[in-house]
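My request is simple: use the sequences and hints to build the entire structure.
Protein chains in written order, with this note's numbering: chain H, 1 to 86; chain P, 1 to 86; chain V, 1 to 233; chain D, 1 to 733.
Certain hints may be false.
Stated by the list, open to error - The calculated DSS-like cross-link candidates involving lysine-lysine, where the alpha carbons are at most 27 Å apart (straight line), are: (1) D:Lys504 x D:Lys51; (2) H:Lys7 x P:Lys7; (3) H:Lys13 x P:Lys7; (4) D:Lys504 x V:Lys177; (5) D:Lys383 x D:Lys331; (6) P:Lys13 x H:Lys43; (7) V:Lys35 x V:Lys2; (8) P:Lys13 x H:Lys7; (9) V:Lys35 x D:Lys331; (10) H:Lys43 x H:Lys7.
By construction, these hints were calculated from the structure, which means they are not laboratory data.
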Amino acid sequence: MREWLGKITVVPKPAVNDPQGIAVLDGLHSLDFEEVRQVRVGKHLDVRLQAESQEQANEQLNVMCERLLANTLIESYEVRVEESDE
Amino acid sequence: MREWLGKITVVPKPAVNDPQGIAVLDGLHSLDFEEVRQVRVGKHLDVRLQAESQEQANEQLNVMCERLLANTLIESYEVRVEESDE
Amino acid sequence: MKIGVVTFPGSNGDTDCMEVLRETPGCEPVLLWHKSVDLEGADALVLPGGFAHGDYLRAGAIARFSPVMREVERFAASGGPVLGICNGFQVLTEAHLLPGALLRNREILFHCAWAHVRVSSTRSPWLAGIPEGSVLRLAVAHGQGKYYADGDTLQTLQERRQVALEYCDADGNLTPKSNHNGSERNIAAVTNESGNVLGMMPHPERSTDPLLGSADGRALFSSVVSALAGVGR
Amino acid sequence: MTVYSVSGEALREVALSEEEYRLAVGLLGREPNRLELGILGAMWSEHCGYKNSRPLLGLFPTEGPGVVQGPGENAGAVRLGGVLAAVFKVESHNHPSAIEPYQGAATGVGGIVRDIFTMGARPIALLNSLRFGPLEERENRRLLGGVVRGIGDYGNSLGIPTVGGEIGFSPSYNGNPLVNAMCVGIAPADGLVRGLAGQPGNVLLLVGADTGRDGIHGATFASVDDPQESHKGVIQVGNPFMEKLLMEACLELVGSPHVVGMQDLGAAGLTSSSVECAGRTGSGVEIDVSRVSRRERGMTPYDVMLSESQERMLLVVEPDGVESVRSIFEKWDLHSDVIGQVTGDGTLRVKDGDDVVCDLPIGLLTEDVPRYTRAGSPSVELKERRDADVSAVVAGVDHDPTGALLTLLSSPNIGSKRWVWSQYDHTIGTSTVLGPQHGDAAVMRVRQTGEGLAATMDCNSLHCYLDPYAGGVGAVVEAARNLACVGATPLGMTNCLNFGNPEKPEVYWHLSECVRGMADACRALDIPVVSGNVSLYNESGSEAVHPTPVVGMVGSLPQVETAVGIDWPEGAAVYLLTTGQEPVLGASEWLRVVAGQECGRPLSADPVAESSVHNLLGKCIGDGTILSAHDLSEGGLAVALAECCIRGGIGLDAPDWGGSDAPEQLFGEAHGRVVVSVSSEARTKLEAACESLGVLCESIGITRGESLRLGTVLQVPLADLQTAYDSALSTST
Ligand SMILES: Nc1ncnc2c1ncn2[C@@H]1O[C@H](COP(=O)(O)OP(=O)(O)O)[C@@H](O)[C@H]1O
Ligand SMILES: [Mg+2]
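This is the structure:
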């Protein structure tokens with residue numbers, strides 16, 4: 001068993017309304033960051049966990065996303081696994 | 001000018017305790033993901049912007065973080081830039 | 001005495017603030033729209049509660065860049081009395097007019113209740129008329145009200161008597177239970193170094209009638225009016 | 001027989017039966033195209049068209065001297081004092097909340113708030129009525145948590161206090177929670193805005209959020225019985241910040257001579273809103289979908305017409321006024337599009353640029369909606385439960401009064417809901433005189449007049465299940481009683497009929513019997529029904545939810561200061577007022593929680609006898625005689641007394657209480673029973689008033705000390721009561 005760091009990104013799916021992204025976009029425009037065309041805001045989670053291998057960690061993290069961390073009706077997620085430095 | 005996709009992660013600094021992370025950790029434990037040791041919850045932003053180069057995009061995104069997207073008193077951030085696929 | 005209520009599109013405590021100011025003797029309230037760059041000669045400013053720009057990202061983060069905020073900063077720098085209530089407090093910390101930050105409550109959830117606070121410093125003109133050590137019963141209603149600052153800052157705040165209100169029980173004791181949102185050192189309100197800018201999480205403007213639960217909040221508004229009259233601004 | 005070109009699957013997608021399709025083709029004289037079919041399906045759905053419920057709704061009394069606006073508009077309105085009107089309605093968001101509890105509940109609040117400010121009223125209070133499966137199941141805790149956060153965040157952001165409501169738990173709601181939100185607003189009685197189209201040539205202005213592919217077919221999905229399986233559209237995500245801007249802008253436009261009508265976009269979006277406006281004035285509308293701002297590329301006319309994107313409003317404006325109206329929206333940073341106009345030809349014509357893509361008579365979409373009156377009958381299982389031998393069940397319980405009381409107090413239907421309502425901002429607006437759990441109804445002060453406006457939501461779904469007629473009567477009578485207990489007189493009522501699939505005989509029987517009971521009670525108590533909502537097909541698996549006809553009632557007090565809560569002061573004399581109805585254990589909470597049985601029959605209320613209790617309360621609370629009042633409902637006398645102790649923080653000393661320890665006496669349920677407290681000087685005054693109004697009144701004891709002591713039957717320390725009460729929802733935290 002080793003410790004791994006899962007980095008999970010959960011963002012609203014493209015068709016889903018993202019008022020938060022729209023508000024941040026407006027905020028950036030009003031700060032004169034005119035070059036920004038679109039913003040979407042989601043969640044980031046750092047999950048430290050024990051697993052036999054990187055693959056196993058990856059698999060577990062995907063299950064966690066399906067079951068708790070993301071609502072797949074409105075959000076899509078992405079999992080990356082690194083070796084934990086702690 | 002090309003379009004770039006900035007991927008920004010904003011997480012609470014370690015000294016700031018993160019009740020959301022604790023709540024998610026509890027949630028995972030109660031779903032029997034006993035192997036999880038720690039969770040921190042932050043924000044993820046996908047920012048599509050125009051810039052001359054990857055470096056320039058990167059620089060602009062860092063300025064946005066300093067000025068608006070993160071509160072550096074309590075949060076740290078990380079910027080990655082990719083070519084935009086859209 | 002003209003008191004400006006700085007209103008952002010998502011402010012929702014502006015009406016309650018206008019109401020109590022209208023009822024405060026010697027006070028003429030005026031609404032200041034966030035896009036305006038004219039404070040209309042206000043002698044003091046209130047930033048009310050609410051969700052200034054929807055409070056996406058972080059409470060108060062986007063509001064800080066509204067046009068009116070440059071004038072608020074100038075006004076504060078010149079020593080004018082500024083009161084940020086709840087979301088107004090969050091805006092003031094984001095704008096660096098007050099130290100620290102307001103994090104999500106310890107229990108994560110939005111929390112609406114009545115809370116007691118002890119007046120621990122009366123340096124602010126908003127509190128000058130209230131005896132130090134008084135216990136006030138005030139409404140609280142927020143999801144991100146847990147006051148945070150690093151250890152050194154907290155030390156300095158206390159040394160310089162910038163901690164204005166602390167959550168306490170009905171008898172004025174700073175207990176863990178009364179610290180409903182988990183703020184550092186039970187802090188409910190702080191001032192800037194010179195004392196003219198005050199940020200507080202509780203809502204004095206909602207605590208203005210015994211019929212509603214308490215009238216203790218009125219004292220802050222009458223206090224600033226007397227303070228300003230004394231100074232003759 | 002004619003062969004149609006449309007597939008069975010296409011019909012299922014829009015929830016139309018083949019027979020309905022045949023009917024529509026006959027009326028139209030041709031087959032509809034795909035867009036027209038989608039529009040037809042939405043407008044003929046139960047949700048928009050009330051196919052199964054309209055005939056039943058006709059039973060409700062909807063008129064009265066105080067009615068300013070009855071059913072048929074975005075919300076109903078009743079006169080409040082002299083020149084004001086209270087505008088209110090309830091709305092369900094059950095299916096969306098089952099799928100995504102946070103967003104589903106949030107957008108439910110958004111929808112009901114829009115219905116109120118669309119009428120030109122400023123919303124001053126929100127309430128909600130919720131039902132979930134048991135909290136032992138994680139999924140139900142997740143739903144509860146998400147729904148409560150969604151309701152809280154949306155209302156809190158708008159700055160409208162959420163001041164009351166009710167929550168219940170039962171396995172029948174597993175997989176199908178109920179989320180009903182009610183909003184109350186205030187407007188000048190002669191200044192209400194209607195959803196009217198007016199003259200041909202008037203301009204249609206679409207305002208607010210851009211249109212995305214959200215919730216396409218939400219209306220039809222709400223009309224089929226498995227939300228989880230049937231939902232394919234994009235889930236609606238609310239933006240309370242946008243709604244706040246819309247609300248302020250629309251309220252600023254009230255009284256503008258240029259605004260002919262306002263209509264929010266709810267179920268079936270642009271389709272139903274434009275059809276409703278035209279239908280109310282007998283005109284037609286022409287819409288060019290290419291003028292609608294979109295959130296996404298590649299949207300078809302179908303997507304635009306049926307999108308349920310939130311935070312949008314349709315305004316009908318006189319041609320000269322368009323610029324001035326748009327400038328108000330600009331001030332609030334809101335985008336508006338001129339999307340079409342009112343016509344005189346009675347059709348809904350949709351264009352995509354120059355192409356006509358839909359041309360349907362408005363009447364086909366409104367008056368021609370099929371109406372079904374079905375035959376209902378109770379199921380065998382229900383009859384067995386209803387006719388079960390309750391006394392045998394009671395005899396089988398090892399009765400322990402103290403244990404039963406603590407068990408009931410800590411059960412989720414009775415115990416403290418603080419975990420829920422502390423997440424709702426209930427003090428914003430500085431008008432909340434009696435907030436959550438303070439009184440039997442919420443009381444708001446009406447600044448303009450000094451009056452009090454009271455509101456409550458009620459429904460005992462177990463009673464409705466076991467005896468729908470009695471349950472329907474009971475829901476209305478209990479709501480009126482709750483208003484009376486704070487000192488208010490009912491002005492009007494709204495309701496939300498939450499039932500299963502009406503095509504099933506037992507569900508239709510429940511629905512029709514409940515409505516009959518409610519309507520009879522409304523007539524007897526002289527309370528008009530001015531608005532409401534119907535949510536059918538609430539099933540999961542193949543089980544219908546318990547019938548849940550939620551009553552929302554609004555009342556007034558001449559002077560808000562006189563309102564009383566549940567909390568009694570120290571040293572007061574406590575009385576039990578009754579109509580003389582003896583409590584029973586059938587369908588009681590005691591039977592459910594302590595004996596583990598949902599069986600027997602509840603009592604039916606006698607509205608006339610009940611009125612005298614309400615009148616007494618009105619009189620004696622108004623003149624300051626009564627210091628606190630609390631009605632007896634689930635859990636009966638012992639629970640009501642315990643609640644008064646907990647809320648007042650003071651015990652009850654009743655050494656001479658002559659009752660027995662029989663469970664009927666302590667925990668039995670009946671109607672028309674209220675515990676009140678008066679000062680010792682006012683005892684004779686109360687007794688005399690009871691005598692003259694024909695109300696029975698029994699002296700119980702004195703408020704003092706640190707425990708609830710009822711004769712020799714019960715003595716429980718206050719601290720134990722409190723602990724049990726506070727533990728009820730602890731599993732949810
Ligand atoms: N159970 C009911 N009792 C009385 N009126 C009802 C009931 N259900 C619906 N109505 C009335 O029918 C009309 C249409 O309601 P609804 O479709 O919910 O409107 P909206 O789309 O604006 O939410 C409204 O005027 C409403 O008040
Ligand atoms: Mg409507």
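Here is how each hint holds up against the structure:
{"no.": "1", "hint": "D:Lys504 x D:Lys51", "verdict": "14 Å, holds"}
{"no.": "2", "hint": "H:Lys7 x P:Lys7", "verdict": "13 Å, holds"}
{"no.": "3", "hint": "H:Lys13 x P:Lys7", "verdict": "16 Å, holds"}
{"no.": "4", "hint": "D:Lys504 x V:Lys177", "verdict": "53 Å, violated"}
{"no.": "5", "hint": "D:Lys383 x D:Lys331", "verdict": "62 Å, violated"}
{"no.": "6", "hint": "P:Lys13 x H:Lys43", "verdict": "16 Å, holds"}
{"no.": "7", "hint": "V:Lys35 x V:Lys2", "verdict": "19 Å, holds"}
{"no.": "8", "hint": "P:Lys13 x H:Lys7", "verdict": "16 Å, holds"}
{"no.": "9", "hint": "V:Lys35 x D:Lys331", "verdict": "10 Å, holds"}
{"no.": "10", "hint": "H:Lys43 x H:Lys7", "verdict": "11 Å, holds"}
In this structure, the earlier hints numbered 4, 5 are contradicted, and the remaining ones agree with it.
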